[in-house]
Structure formats: C-alpha cells, structure tokens
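Visitor: Now for the letters of each chain:
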Amino acid sequence: MSQLDPTTVWVLVVGLTVGTYLLRASFLLGAQYVGGLPPIAERVLPFVPTAVLAGLAAPSILLVDGTIAIGLDNPRLLAGAIAVVVAWRTENMLATVGVGMVAFWLFRWL
Amino acid sequence: MARSELLAGVRDVAPAVPPNVVLAVLFGATAVEVGITPAAATALSLFTFAGAAQMAAVELLRGDVALSVVLVTILLINLRYVIYSASLSLQVQDMSARWRAVFSYALFDINFALATARFEEQTPEKADGSFHRGWYYVGATAPLVGTFAGATLVGALAGRVIGEGLGLSFAIPLIFVALVVPRLTDRAAAATAAVAAGVAVVAAGLPFNAGLLVAAACGTAAGVVIERIDDADEDTEARST
Numbered sequence: 001m002s003q004l005d006p007t008t009v010w011v012l013v014v015g016l017t018v019g020t021y022l023l024r025a026s027f028l029l030g031a032q033y034v035g036g037l038p039p040i041a042e043r044v045l046p047f048v049p050t051a052v053l054a055g056l057a058a059p060s061i062l063l064v065d066g067t068i069a070i071g072l073d074n075p076r077l078l079a080g081a082i083a084v085v086v087a088w089r090t091e092n093m094l095a096t097v098g099v100g101m102v103a104f105w106l107f108r109w110l
Numbered sequence: 001m002a003r004s005e006l007l008a009g010v011r012d013v014a015p016a017v018p019p020n021v022v023l024a025v026l027f028g029a030t031a032v033e034v035g036i037t038p039a040a041a042t043a044l045s046l047f048t049f050a051g052a053a054q055m056a057a058v059e060l061l062r063g064d065v066a067l068s069v070v071l072v073t074i075l076l077i078n079l080r081y082v083i084y085s086a087s088l089s090l091q092v093q094d095m096s097a098r099w100r101a102v103f104s105y106a107l108f109d110i111n112f113a114l115a116t117a118r119f120e121e122q123t124p125e126k127a128d129g130s131f132h133r134g135w136y137y138v139g140a141t142a143p144l145v146g147t148f149a150g151a152t153l154v155g156a157l158a159g160r161v162i163g164e165g166l167g168l169s170f171a172i173p174l175i176f177v178a179l180v181v182p183r184l185t186d187r188a189a190a191a192t193a194a195v196a197a198g199v200a201v202v203a204a205g206l207p208f209n210a211g212l213l214v215a216a217a218c219g220t221a222a223g224v225v226i227e228r229i230d231d232a233d234e235d236t237e238a239r240s241t
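Going line by line, the protein sequences match chains R and E. Going by the numbering used here, the first sequence opens with residue 1, and the numbers climb by one from there. Going by the numbering used here, the second sequence opens with residue 1, and the numbers climb by one from there.
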C-alpha cells in the first residue's frame, strides 16, 4: 500500500465535498447571483466528462510502466478491448466491468 | 402526508440500487489500496456521492499526482452537475431555500432524471400531500446514497483483507469504459473521446499528471468543433432541400 498521509486524504474529502456541493448548488441556490447558463457553457459542458473519463481510461489500458504497449503481452489492452465491445453492445455497466475483469484475470494468467 | 410521495421516490429508484452497490464496493476496495482509510472513503461516498469522480481520485492517487491536480480533475468530471442544477432549478424555483439546499445534496444522474421527469408531469404540490417535490427527491435519493455509503465501507474493509493480488484496480478504467462508450452516439462525442484518449497516452509523461488536463481540454475542443461543423452541414442540407 502506498503511503498517503491522513492530512492529504482529509483535504481531498473536504475539497471534493465542498467543491461538488457548490457545483450542484450553483443554480439551485445561486440562480439570482449567477444568472442564466451562458450559451458557450451549454455547448462545452456536455463534452467535458467524456473527455476526462476517456483521458483517464486510455493510459491505464495502453501504458505499461509508462510506455505504450500494443501487443498480445498486455493483458489490460486485450481485456480493455473486450470491455469496449461489451459496453457498446450492452450499454450495461456491470456486464462491462464483469466481463472485462474476467478477461483480465484470464489473459494475465495465460 | 409526505409519506406516499417519499415511497414513490423509493419505488422509482429501487432498480438503480444494486448496480450502485457493486460500484461502491469496488470504490471502497480500490480506495484502501491507495491509502485512503475506510472512514475517509465512506465519507466521500456519503458527502460527495459522485462515483466517477471518486474513482478518478483513486486512479490519480495511484500515480504520484499533486493534490491540486486531483481536485481540479474530479471537479471537471462533476461539472455536469452545473447543467443538472440549472435545469432542475427551473422546476423548483418557487420552493424555499431550505428545500433547494436539499436538492443540491447528492444531485446525481439517476435522481436528476427521475425528479425532472416527475416534476414535468405534475407540479406544484397538492393540498392533500399526495404530491410533494421535496419528499419525492428525498425518497429517490436517500436509498441510493445510504446503500452507496454502506457498500463503500464494506468494500473498504474487505479490500484491507484481500489486498492488491486480484488486480481489482483494473475495474476503475473498465468503469470509465462503461461510462464513455454508450455516450459515443455521434461524430462529435467520438472525436472527443478519441482525441482525449490519444493525447492522454502521448502526454502521460508530463509532470503532475498535467497531461490529463491537456487531454481533457483537447478532447472537449475537438467535440465542440466537430459539432459546429456537423450542425453547419445540417443547416446547408436543410436549406438546399
């Protein structure tokens, strides 16, 4: 286990709690201060979660020890590819994660 | 009586509880792997209730990432709540600040979808108490958050026992895959994901994991640009026919 010190962890908890509450309350409690959602925000915001999540997932699947590993010896890549197909066909979170993990264990063991 | 409306919320949200419990167990188990205590993990689930952002925090803390970058990244993932807030606020702007503070707690994809759909059907409150927006929201939210926090604690305690041997941490990128792939319904969304993924891999070596923020900015820009091009094409087609 890595050594995160307790202060860091609780700064994270408080920061995420306060930040997330402010985002959720932005219009519900602050509509009179923030006005309406500007049109540019309406165009941009829907793409942000897709970009962040894709940007998080790709290195975890494609990189081994910091270098790109495209080949049959990368179990994460093989399992990730299978998970993409399952997610596309079923749009089911549990099926995607379940099949992906079983594939990962299988390829790692082979 | 607020009770019938509370129960209506509980009934509507029930199908969403089991998958949420599985996610929470995975979050708890992977959180203790990177050194988040079970108490802190449970607090995160209870107070922020933002699964994807919590998973992202674990994934980032696994690498040696500056805390400020972790906070910025997870708040970026949660930016969609601003859209939910703006949308729901139109339906509840006549309610008290106290109720609007309740709506601001744990507003999430599922209870947002349920609440806006129901408030569309009937509003405002009925005198006999058979319909109340606030209690419906509480009913649709409390079971989700309660089971999520409880399952996080179970996962965290179990994670301390099973350790890292199973490679459970790989479930996190798989969850991101499950969240992203169904959203790829048009060219703009596909461009967003492809550009963000490509840039994130290439820029992974940047200090403080800043590569992710660069990737998110490039992916978002790609999506906005492609959407603009496609919208313009549609306009031209519409005019020529």
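No lab work stands behind these hints: they were computed from the structure. C-beta atoms are modelled at their ideal positions from N, C-alpha and C, and glycine is treated no differently. Some hints here could point you the wrong way.
Claimed, not checked - FRET-style restraints, in silico, Cβ to Cβ:
#, chain 1, residue 1, chain 2, residue 2, range
1, E, 240, R, 105, 46 to 56 Å
2, E, 113, R, 81, 40 to 50 Å
3, R, 102, E, 164, 13 to 23 Å
4, R, 109, E, 116, 28 to 38 Å
5, E, 109, R, 102, 21 to 31 Å
6, E, 146, R, 94, 12 to 22 Å
7, E, 2, R, 81, 45 to 55 Å
Visitor: Each hint should be assessed against the structure and marked as holding or not.
Guide: How the hints compare with the structure:
1. E:240 x R:105: 46 to 56 Å: Distance hint for residue 240 (chain E), residue 105 (chain R) holds at roughly 55 Å.
2. E:113 x R:81: 40 to 50 Å: The hint (40 to 50 Å, Cβ to Cβ) is violated, given that residue 113 (chain E) and residue 81 (chain R) are roughly 30 Å apart.
3. R:102 x E:164: 13 to 23 Å: Given a distance of about 18 Å, which is inside 13 to 23 Å, the answer is holds.
4. R:109 x E:116: 28 to 38 Å: Given a distance of about 46 Å, which is not inside 28 to 38 Å, the answer is violated.
5. E:109 x R:102: 21 to 31 Å: Cβ of residue 109 (chain E) to Cβ of residue 102 (chain R): about 26 Å, so the range 21 to 31 Å holds.
6. E:146 x R:94: 12 to 22 Å: holds (20 Å)
7. E:2 x R:81: 45 to 55 Å: 49 Å Cβ-Cβ, so the 45 to 55 Å window holds.
Comparing the model with each numbered hint stated earlier shows that hints 2 and 4 do not hold.
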